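Number of protein chains: 2
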Amino acid sequence: MRSEEVLKSSISRFLYASPLTGMTMSEQWLDEIKWTDDGLVPAIAQDAETGEILMFAWMNRESLKLTAELGHAVYWSRSRGKLWHKGEESGHVQTVHDIRVDCDKDVVLIKIDQKGGIACHTGRRSCFFNQLDSGHWQSVAPVLKDPSEIYDK
Amino acid sequence: MRSEEVLKSSISRFLYASPLTGMTMSEQWLDEIKWTDDGLVPAIAQDAETGEILMFAWMNRESLKLTAELGHAVYWSRSRGKLWHKGEESGHVQTVHDIRVDCDKDVVLIKIDQKGGIACHTGRRSCFFNQLDSGHWQSVAPVLKDPSEIYDK
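Which chain is which? The protein sequence lines are A and B, in order.
Heads up: the first sequence begins at 1280 in the numbering used here, then just goes up one per residue.
Heads up: the second sequence begins at 1280 in the numbering used here, then just goes up one per residue.
Honestly, I wouldn't trust all of these hints.
To be verified - Residues on chain A that point at chain B, a partial pick, calculated with CB under 8 Å:
id	residue
1	E1331
2	W1363
3	C1406
4	Y1430
FYI, nobody ran anything at the bench for these hints, they're computed from the structure.
This one's a predicted model, so the numbers in the text were calculated from it and none came from an experiment.
For each residue, glycine too, the CB sits at the ideal point set by N, CA and C.
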């Protein structure tokens, strides 16, 4: 029993280098996350400077680890079933300044700098542009760039 | 086929009064939400004034409807399997100023005023107090009130 714990601890303390922290890190912090049955955790991306919530996506263990290692946001695309380095198509990379987890350790918050100022695939700054107004969803933010210009390169 | 559409439309346009908007509202806006297979939607609560992200929880259709109707945050407690009027035990009610939904209409954002200044059950202002620092989660926010004082009334 004890040797199993030691083995588990040794595995979880596998070291890797992190540009975000400039230090080698154990994986204990990843073990502490309460992943869903599908191995995912919700992730909220917030503008590090203005506090604006820019988008919401999901991460698996590998994408959260890469986010910390690389210093840019990496999500898990549920629709495509693969890692999604934010900005890989659009160029709208998210530089990560701060990684948080909530009290229950089942939701991640990353504070980021949004390259190009556009986080949403619709060409808007934030994905949360639909406001409930008199019982209807109203778009309250402008399209800054036509999506066809963002993705058809 | 056409009469079915008319019927569906009539049902979805069932009217109710909303103190938040001061108008009667149809339920079309609720029909537009992309609920999970469990009938839920993730909800992010953000301080309406400072932009700080205070908590993350889930809503079902009834709780989101009540949130709009009553003007205070109502979540769905997955652990207790029932509606959760935030503050019902702690008194830490969340007054809702703005309800948003994202581009895919599968994540809700509410901008709120947090009564008592404490959103987290640990007695901290925000649930997102654990910061990744050198490969470890570090609490970076103070406990403002002992949870035993909040809940043992």
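These are the hints, each one checked on the structure:
For A/E1331, the suggested interface contact is upheld, since its CB lies about 7 Å from the closest CB of chain B, less than 8 Å. Checking A/W1363 against chain B by beta carbon gives a least distance of about 14 Å; that is not within 8 Å, so the hint is violated. Hint status for A/C1406: holds, given a least beta-carbon distance of 4 Å to chain B, under 8 Å. At about 14 Å, the closest approach between the beta carbon of A/Y1430 and any beta carbon in chain B exceeds 8 Å, and the interface hint on this residue is violated.
The structure is inconsistent with the numbered hints 2, 4, although it conforms to all the rest.
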